[in-house]
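Residue numbers (this note's numbering), protein chains in the order written: chain A, 1 to 100; chain B, 1 to 177.
Since the hints were derived computationally from the structure, they do not count as laboratory data. It cannot be assumed that every hint is accurate.
[Stated by the list, open to error] List of simulated lysine-lysine pairs, DSS-like, C-alpha gap at most 27 Å:
1. B:Lys152 x A:Lys62
2. B:Lys152 x A:Lys68
3. B:Lys155 x A:Lys62
4. B:Lys22 x B:Lys4
5. A:Lys68 x B:Lys155
6. A:Lys95 x A:Lys68
7. A:Lys68 x B:Lys22
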Amino acid sequence: MNKENLYGKLFELIGYMLTSARGLIDEPQLYGPFRLMDGVSRLCGYLTEESTEYGDFFDHLKNTIDEKKFVLMTDEEAFVHLLDETVLLYTGKVKELSGS
Amino acid sequence: MEVKQAILERRSVRRFQERIVKRELLHEMLTAGIWAPSAGNIQPWVFVCVTDPARIHNIQVVSPGMLGNPQALICICSDQHRAFEKAGRGGRILSMFDCAMAAQNILLRAHDLGLATCVIRSFNQAAIRALLGAPEHIQPELLVTIGYPVKKPAKPARREDVIFFERFGNDEEGKKA
Numbered sequence: 001m002n003k004e005n006l007y008g009k010l011f012e013l014i015g016y017m018l019t020s021a022r023g024l025i026d027e028p029q030l031y032g033p034f035r036l037m038d039g040v041s042r043l044c045g046y047l048t049e050e051s052t053e054y055g056d057f058f059d060h061l062k063n064t065i066d067e068k069k070f071v072l073m074t075d076e077e078a079f080v081h082l083l084d085e086t087v088l089l090y091t092g093k094v095k096e097l098s099g100s
Numbered sequence: 001m002e003v004k005q006a007i008l009e010r011r012s013v014r015r016f017q018e019r020i021v022k023r024e025l026l027h028e029m030l031t032a033g034i035w036a037p038s039a040g041n042i043q044p045w046v047f048v049c050v051t052d053p054a055r056i057h058n059i060q061v062v063s064p065g066m067l068g069n070p071q072a073l074i075c076i077c078s079d080q081h082r083a084f085e086k087a088g089r090g091g092r093i094l095s096m097f098d099c100a101m102a103a104q105n106i107l108l109r110a111h112d113l114g115l116a117t118c119v120i121r122s123f124n125q126a127a128i129r130a131l132l133g134a135p136e137h138i139q140p141e142l143l144v145t146i147g148y149p150v151k152k153p154a155k156p157a158r159r160e161d162v163i164f165f166e167r168f169g170n171d172e173e174g175k176k177a
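So here's chain B without its partners, still in its complex pose (with noise of 0.2 Å):
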C-alpha cells in the first residue's frame, strides 16, 4: 500500500469483529513503532502489547475512552528516566511527541495490514500502570486499541483552511486567504 493510501484511508474504528490478531500482525505494527523518529534518538518509548481478553477487560474498566471490543491493544509509555537523563527537563514533553510519533507509525502500518485501531487518551494513567505492574517511571501516554473492523467508518470532514505559504494568513499564491 502507497503511503499516501494509507494516510487518507485510516480511520478511527470502534467497532472490532471477534478476530483474533495473530502476533506477527503485532510485532509488524511494534517494528513501525521503533522506527518513528525521536528528538535526539532518544527513543524514550515502552511498548506494552496485551491479547489477554482479561487484561484487556480491566483496562477498559479504567479506560473511559476505551469504547467497542478491542482484540488487542498496546499501551504507549513514555521511559521518563530516560527522557530525563537525556533530555532534562524538556524531556516530559519531547517524549510525548516521540510516542504520538511512534503511534501514528503503528496506525499506518496497521491499516497497510487490514487493520483497524483507535488512540485513546482517555485512561486513568496511574490506574494503568498499575494494571501494567510497570514502575513509576514508565508514563502510559496512549492506548492504540486494535482489531478488524466491522464496518468502515464515513470520511470525516476536513478543515482545508489551515494551510499557509510563505507567511501566516496567505494563500499558494502569496494574496491573503
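Chain A on its own, in the form it takes in the complex (with noise of 0.2 Å):
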C-alpha cells in the first residue's frame, strides 16, 4: 500500500472512531470494546498491506479478531474471552521483540 491509500485507510479509520465515540454514549455497553477491537482489526488490516517486520503478527492478529468478533451477539463469555486471549498474543510479541 502506498502512503496516499494508507493516509486514506487512515482517514476512513478517524471516521470510524469519531462516530463510535458519538454513538456509544447511547449503545450497549460491550459495543465499545467491541469497536476497539474491531479497530485493531482494521488497523491491523491497513498494516498488514506493509512489508515489516510485524506484518504476520498485524496479520495473525487481524485474522484471530475477524473469526470470533461476532460471538459477542451470542456469547458474551466468549467475547471476553477473545479480548483476553489478544492481549496475551500481544504480549507475547512485546516480549518477543523485548528479547525477554
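Dock chain to chain to rebuild the complex, using the hints, since each chain is given by itself in its own frame.
In C-alpha cells, the structure reads:
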C-alpha cells in the first residue's frame, strides 16, 4: 500500500472512531470493547499490507479477531475470552521484540 | 416460502458475496416495506435505496455498526414533518415503531427472495442525512444492508422464559412459571 492509500485508510478509520465515540454514548456497554477490537482489526489490515517485521503478527491478530468477534452477539463470555486471547497474543509479541 | 419458515430461518448476515442485487429484487423488498402497518396509517417512512459502491462505502465510514461488504442498502427514514403533523408530539416515537415494522417486512421479504440482510442502528444520523442529501426533517432510523450470504450463521439461542399467559408470570396452565 502506498503512502497515499494508507492515509486514505487512516482517514476512514478516523471516521469510524469519531462516529463510534458519538454513538457509544447511547449504545450497549459491550459495544465499546467491540468497536476497539474492530478498530484494531482494521488497523492491522492496513498495516499487514506494509512489508515490515510486524506483518505476520498483524495478519495473525486480525484473523484471530475477525474469526471470533461476532460471538459478542451470542456469547458474551466467549467475547471476553477473545479479548484476553488478543491481549496475550500482543504481550507475546512484546516479549519477543524485547528478547525477554 | 411460508411466513413461519421465513421468520425462523432469517439471520443477521454481515458477510456477503461479491454479487450484484438486481433492482427488481430491491423493488420487491421496498414494496414489502411500504405495506407495513403504521400508527393511524400515517406511513411516516421514507426509503432511500443505495447501490452505488462509492456511496455505500461513504455511508460505511460513518456507520460503525455496518460491517462486511454489503452490495446494497436501504436507509429507512422517518419523515418528522408528517409524523408530527398527524400524531403530534407522540409522532416521534410512533414513527420509530413504524419504521421498525417496515424493516421487519423488508427483512422477511429479502429472505424469501434468497437474500441476506442485517439491520443497523449504530450509525451517525446527522452524517447519514448529509450523505444522502436529505432535509432536516428526514430522520435516518435504520440501515438494512443487503446481499447474498457467504454462509448462513448458526441458529442463535432464544430466551424461552419470556412468554406468559393471562397474567404476568403464569405459564400456559395458569401456574406460576
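Here is how each hint holds up against the structure:
With a C-alpha separation of about 22 Å, the suggested pair Lys152 of chain B and Lys62 of chain A falls inside the 27 Å cut-off, and the hint holds. Between Lys152 of chain B and Lys68 of chain A the alpha-carbon distance is near 15 Å, which keeps this suggested pair within the 27 Å criterion. With a C-alpha separation of about 25 Å, the suggested pairing of Lys155 of chain B with Lys62 of chain A holds against the 27 Å cut-off. Between the alpha carbons of Lys22 of chain B and Lys4 of chain B the distance comes to roughly 26 Å, so the proposed pair stays at or under 27 Å and holds.
For the suggested pair Lys68 of chain A and Lys155 of chain B, the alpha carbons sit about 16 Å apart, so the restraint of at most 27 Å is met. Proximity of Lys95 of chain A to Lys68 of chain A is assessed by CA-CA distance (about 25 Å); at most 27 Å being required, the pair is judged to hold. Proposed proximity of Lys68 of chain A and Lys22 of chain B is contradicted: the alpha carbons are some 31 Å apart, above 27 Å.
Violated hint for the displayed structure: number 7, the only one.
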